[in-house]
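Participant: Each chain, written out:
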Amino acid sequence: MSEKIENQLIAELSRDLISETAPQELPLFRANSEAFFTNPEKLLAMQKSRDEMLGFGVGEAVAMMTPAVLAVTSEIVKFLSEEVKKSAKEEGTALVGETVKKMFKKFRPEEKKENSPAPLTPEQLNQVRELALKKARHLKLSDARCKLLADALIGSLAVASV
Amino acid sequence: MATETVSAPKKPRLNPFAFPSDTDFRFVLLIVTVLAVSILYIDILIANDMPVIQQRWVDGLTACGNQVYGENFDQLLNQVADSGKINYETDAERALWDQYSACTLPFNIEKALVVLGGITLLIGIATILYWFFPAWKIRRGHLIPLSAEDAPEVVGFLTQLCQEVALKQPPIFLWNPLNAASSGLAFGRLGKYYVALSGGLITQFYTAPSAFRAILLHELSHLKNADVDKTYFATAIWQAFLMIIILPYGIMHFSSLMGTFFDDFIILIALVYLVRNSVLRSRELYADARAKIWDKQNSLEEVLIALPDQQSSMLQNLKVHPSPVERRHMLINSNGLFQSNFWVAVALGMAFAILNGKIKLLLSQFGLPLPTQSIINSLLFAFLVVGILGLGVWRAAFAKAVLENISIGRGRLALGVTAGILFNDFLGEIGSTVSFYWIFIELFWAGLLFFVLYALFSWIASTAEVWLEVAAPSGSPRRVYIFNLSVAIGMSSVAFSWLLTNHWFIETTSLTDLLQTAGLLFLIIGGLLVGVLNPFVLASLAGLWAIPMAAWFWRKQTVPIKTASWAYLEHSPSESPPTSLGQFWQPRFAVLTGIFVGIVYCGIQLIIRVLVRVSGLGDVINGNDSYKLTYFYAWVALAVLMQIGVAVLVSGKVKKISWAHGLFAAFVGGCVMTIGFLAINTLLGIMDGKIINISVGGGLEPIFVWQVFSQIINFGTFFALIPAIAASAIAGRMRRNRA
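The listed protein sequences derive, respectively, from chains A and B. For the first sequence, our numbering begins at 1475 and goes up steadily by one. For the second sequence, our numbering begins at 64 and goes up steadily by one.
Just so you know, the hints here were simulated from the structure itself, not pulled from any lab data. Quick reminder that beta carbons are idealized off the backbone N, C-alpha and C, glycines included. Please note: incorrect hints may appear among the correct ones.
If we take Cβ atoms under 7 Å as the criterion, some of the chain A residues that face chain B in the derived model are [what the hints assert, rightly or not]:
hint, residue
1, P1501
2, T1512
3, G1529
One side of the interface only, derived from the structure: several residues of chain B facing chain A at Cβ under 7 Å [claimed, not checked]:
hint, residue
4, G247
5, G263
6, I278
7, L378
8, Q379
My request is simple: use the sequences and hints to build the entire structure.
Facilitator: Listed below in structure tokens is the structure:
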């Protein structure tokens, strides 16, 4: 999957997650995603209070979800790409991007289910959830926000019917 | 969303915007302090680090000295080194000195222009920094215009908010979506203002709209209060001061800074730094006070509660923000914004003390004579003391008139200014041997200064009380306080001129024994007595009662201050229509009592002088100049005593500014006494056949008339002042006890 396509996918998925988990951050999304794809470490490091000397007052930084959502989504997309690559080595990397994309409900049209890749197994879903939680905790999100983000992410993925 | 409490304050807040704010005062103080310290260091830099300029100046002065004084020049230099001044014994010496001064003038001007060049550079750099700060801020803060495309609801809300607060020119809203802090910042330069919002703050528009609104109201209040330019010029001049003055001085004099000059250096930088921070802290309180007008839901208070570092500490003066606790306190009760600050007075005293000597030196380099230098210096001091602290006294007097339990802080301010000057004087003596006599005379002078300042602030407070009632029906007290304070500057500069000239004597005299100290004390007190004949002294003393009494002409429009439309930030609580206060004035009583006492004096004098003449004692007195002088001053003394009596009597009877009525009565009495004195003198002279032409060699020569008039009136007012104030205070207390 090319970087551009991957970034586009991450941005789209993250935007959906933000509108679900922290809609107040939607106006900031475009600027944050651009900064994330330019230098993710820098954006994540910037999440401390940078109050103005002559500003209103030395306020606490607002705990922003957007950088964390972008980072977690990015991690999950990479994980899914690896999983797809492992199971379909012979099909070539060109289709990996499309396959990963269709693993998300958003890109999986209901009427064309038969042509879509197999949805994730419960084990894989569990793995995705654990990974999302781990990354979110690493980014120092609160427990509630970690769960919210992980659940929203899992909710966005297509699940195999039992 | 933030929890909101809907509990409006019970009492309406006093309006701090009726008078110029503390931010304005402190800004002026900052500029004065920076200029004072800068001139001091530029002078040192020229003397030590600009050999071309310094050598040219020294060579010029030496050439002039040799040309005018020849071989005696070294002797003159030694005299200056010993006593710090030139003593002219004869007219010839004076002529030589004038010749020398004329010769050295171009060299002195050249040096003074270098100092002024340094100051111009400092102000120029500060202006450039101030002007380009917004561009730098936008670039460094990664600020971009907040467009409707990014956040349409936010942009719409901000447009509406600007209309609500009625800003003449709405700012340009910028934002940094990557900044997670929840903060806003108003900045800009003359004619172009911005408000920057952080990404964190934008999210609050959705999660805590009332907090968002409160923060924005605070930022827009900075624009409404017009403090943005002062703030950024204050920071710019501090940066320019560090760049142009402190850095070069620190580099050039690093070794001496490590030695004896370190304390001076640190103290002076700290002074400028602390004054700058006080400007920045003050503006926040005023912005909160303004924002509260539109913040009906008390959201600002909620936001302040949520800020970290709630408690103020001893190190608060080092910070550019007041503590959230102080801000909340002022938000609920704005009374604190009307009280004078001791440390501002100390800083003012220090700044003036530093500036005083340097300005004098600069003026002398331009060849201005000593009296002119003295007048300029005293006017400058009066401008600072009255313009900054006196206006603060007006504010406090306003709050006291409405709330009654506010302290005006006259003693605090007088003590602060005196302490600042003393501190600087003693700082200048670190490392040198100071005699006990010098300390004694310095403290004596400080006592006089304290007394004069205390009296001045008391007078301003009393005058403000009556004039505020005149201003109450109008839309603003502005015209009234500007007029009164301008007069106060002129009046107080007369007293300051006397004090500062004496201070110069103390500075330039090295006291080593009791005799010299007594001589200097005599000079200080003697100056007071000689000053009585000065017309400016007469005008100042007459102004003491004339300015407050002049409010009588507007007596029909006077109403209680609390009924003024500008008295409260919120709606005035006054329900009953204001009643006129004109009936409390009693100038007629003062005039009649004064005339009566004056006539009694004339009667006593006529009887005694006729008796003296009939008894033949008159010939004895007229035959001896000392007796004649004593006889003259005995009549002046009686006039003064009777003026004190009438001032006390009237002060005790009248209810409104009774002390001014008392002094007015003393003045009227003094005028009658002067007329009587001159008339009896002339009459007896004509009867004796000594006076043929009364205006030439007779009893009505202009100089004699002036001497009698000025001495009776000035001594009368001067000595009646304290008894009148005391009688007024005692009578007022007795009336309150009876009530």
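Participant: Are the hints correct? Go through all of them and say.
Facilitator: Verification of the supplied hints:
The beta carbon of P1501/A comes within 4 Å of a beta carbon in chain B, closer than 7 Å, and the hint placing it at the interface holds. Taking 7 Å as the C-beta contact cut-off toward chain B, the hint placing T1512/A at the interface is violated, the least distance being around 11 Å. Against a cut-off of 7 Å between C-beta atoms, the interface hint on G1529/A holds, since the closest Cβ of chain B lies about 4 Å away. Of the supplied interface hints, the one on G247/B holds, with its beta-carbon coming within about 5 Å of a beta-carbon of chain A, less than 7 Å.
Of the supplied interface hints, the one on G263/B holds, with its beta-carbon coming within about 3 Å of a beta-carbon of chain A, less than 7 Å. For I278/B, the suggested interface contact is upheld, since its CB lies about 5 Å from the closest CB of chain A, less than 7 Å. Annotation: L378/B was flagged as interfacial toward chain A, and the flag is violated, the nearest CB pair being 14 Å apart, outside 7 Å. The restraint placing Q379/B at the interface with chain A is violated, with a minimum CB-CB distance near 13 Å, outside the 7 Å limit.
Hint compliance for this structure: hints 2, 7 and 8 are not met, and every other hint is.
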